[in-house]
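> Respectively, the protein sequence lines represent chains L and X. For the first sequence, my numbering assigns the number 1 to the initial residue and increments by one for each residue that follows. For the second sequence, my numbering assigns the number 1 to the initial residue and increments by one for each residue that follows.
Hints in this document: simulated from the structure, not taken from any laboratory. Some clues are possibly wrong.
As the list claims (entries may be wrong) - Interface residues of chain L toward chain X, partial, derived using beta-carbon atoms under 7 Å:
id : residue
1  : Ile-103
2  : Ala-105
3  : Met-141
4  : Asp-145
5  : Tyr-183
6  : Trp-201
7  : Ala-203
8  : Pro-206
What the hints assert, rightly or not - Pairwise CB distance ranges, derived in the manner of DEER restraints:
id : chain 1 : residue 1 : chain 2 : residue 2 : range
9  : X       : Lys-223   : L       : Arg-47    : 28 to 36 Å
10 : X       : Ala-265   : L       : Ala-79    : 51 to 59 Å
11 : L       : Leu-267   : X       : Ser-69    : 21 to 29 Å
12 : L       : Asn-181   : X       : Gly-190   : 19 to 27 Å
13 : L       : Gln-254   : X       : Leu-250   : 29 to 37 Å
14 : L       : Thr-70    : X       : Glu-246   : 28 to 36 Å
15 : X       : His-161   : L       : Gly-107   : 34 to 42 Å
Said to hold, decoys possible - Chain X stretches covered by chain L per the calculated footprint, using a threshold of three residues with CB under 8 Å from any CB of chain L:
id : segment
16 : 18-29
17 : 198-204
Positions of the beta carbon are idealized from the N, C-alpha and C atoms, including for glycine.
Protein chains: 2
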Amino acid sequence: MNRLSINQYSVRQLTLVELVEECRETGIGVLGLWRDKVSSAGSDRARQLLRDAGISVSSLCRGGFFPYSTDEELVRTTADNRKAVDEAAEIGSPLLVLVCGGIAAAGLERSREMVLEGIANLAPYARDHGVKLGIEPLHPMFAADRSVISTLEQANDLADHFSPDTVGVIVDTYHVWWDPNVYREIQRAGDRILGFHMSDWLAPPPHFLNGRGLMGDGFVEFKQIAAAVNRAGYAGPIEVEIFNEELWALPGPQALALIKSRFQAVLA
Amino acid sequence: MNRLSINQYSVRQLTLVELVEECRETGIGVLGLWRDKVSSAGSDRARQLLRDAGISVSSLCRGGFFPYSTDEELVRTTADNRKAVDEAAEIGSPLLVLVCGGIAAAGLERSREMVLEGIANLAPYARDHGVKLGIEPLHPMFAADRSVISTLEQANDLADHFSPDTVGVIVDTYHVWWDPNVYREIQRAGDRILGFHMSDWLAPPPHFLNGRGLMGDGFVEFKQIAAAVNRAGYAGPIEVEIFNEELWALPGPQALALIKSRFQAVLA
Chain L
1 MNRLSINQYS VRQLTLVELV EECRETGIGV LGLWRDKVSS AGSDRARQLL
51 RDAGISVSSL CRGGFFPYST DEELVRTTAD NRKAVDEAAE IGSPLLVLVC
101 GGIAAAGLER SREMVLEGIA NLAPYARDHG VKLGIEPLHP MFAADRSVIS
151 TLEQANDLAD HFSPDTVGVI VDTYHVWWDP NVYREIQRAG DRILGFHMSD
201 WLAPPPHFLN GRGLMGDGFV EFKQIAAAVN RAGYAGPIEV EIFNEELWAL
251 PGPQALALIK SRFQAVLA
Chain X
1 MNRLSINQYS VRQLTLVELV EECRETGIGV LGLWRDKVSS AGSDRARQLL
51 RDAGISVSSL CRGGFFPYST DEELVRTTAD NRKAVDEAAE IGSPLLVLVC
101 GGIAAAGLER SREMVLEGIA NLAPYARDHG VKLGIEPLHP MFAADRSVIS
151 TLEQANDLAD HFSPDTVGVI VDTYHVWWDP NVYREIQRAG DRILGFHMSD
201 WLAPPPHFLN GRGLMGDGFV EFKQIAAAVN RAGYAGPIEV EIFNEELWAL
251 PGPQALALIK SRFQAVLA
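So here's chain L without its partners, still in its complex pose (with noise of 0.2 Å):
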């Protein structure tokens, strides 16, 4: 339970201040923060208020959409990007997670080439800011306008251009689950993973965006792979990130008490 991360996003109904509030009074000690909530609450207040509730942050979502189209693209997505790392910085997240970006305009191929040339870009940027790059694969379902990159197996390809202390991976249960591929990807990655995110594969997927489950309610064998991370040495929180219409329709409190309860029954 003490591994036990909330991203925000999973209740979303909450504003950062209810947020902190509830995590303090359920004895949840890690958050997992999005920029546009943490920008509404205010940066510095955001930080007092996580430091006076003694709750850390294990990441910061997200910076990436690196394909441009154009070079206007580039130049905003450059900055768009540093300033991501600068709020990681500042919110005292160790972890920015990447969305790494669909097709632009040149191609799947050069879209692809374009993700590692935006990482180079912005690898040293974040090295002396002292925040981690998270190359988070995303389901294949989403190659076209999200992610090019769809496998953890791209994404160790990916990081191993990098040096480890800078550049690593993110396994998400929800977009790796179905690959024949995952458990040699996860030992493989070893110590590139910087984080471990977990939500449930409904069948179908009641919304294309929205439609993640409540560990226990889908497909996915968390135990498995919750024991393939843990032996490939990530010991770091497990942040739970849940994008679904039921539960941000429950008060926020009672679809916290949920997620905790079905985060230790499928680790159980």
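Once you have looked at the hints, place chain X on chain L.
Frame of chain L; chain X shown alone:
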């Protein structure tokens, strides 16, 4: 154009009789058929219709769904798969498409083993009836409920257990376009490629099952994939298989004309 095959479900608004008539008028010489549609028309009558019109069959959909949770289910599936082979032979289809099936009670890994066992069980029967079995990997978003075989690499690994005269793979752009290893695996498949299907990936798909796009409306790089499939040695029919509510809402002849023009356009 002489490689164009129309999968019957792309224009499911047409009966088999209507479809054959349209094909005869517009010079389409190959069809991909579905068991339910053939069965409604009557197998003997269907065969006669096709013969009279000079239309050949590229494939029959479908067998598979090998993973089972009970012995009864295994008995039922085994019988149904043999029936599917019989029907393919009766209608003159050289190929039965295998949609391998989702996760059974025993879990993902065991389900994948059941697919191999199921194909091994069916292959001699298929060979004796002159019907080849085509393993079609389905997009990972169908891994839980339709196919635990999600990549061409898996399909090739399965096919490796059998003679290429009996078991091969089907490359469907909708299912494999996103795969970073797809070109490697197309080359590896070589003469094991028994079928090539086309539809486009819309982002996001408007419907989980029936949201496939007309070629040119989405992100698939048809020319590149087709070139790779040709290079690998496949020279057979290219089957357009689009499940799309909008296409189905059109008058059949209009839908067929649209498919023909897009087929030409994306390969030109």
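> Going back to the hint list, which numbers does this structure go against?
2, 5, 8, 9, 10, 13 and 16
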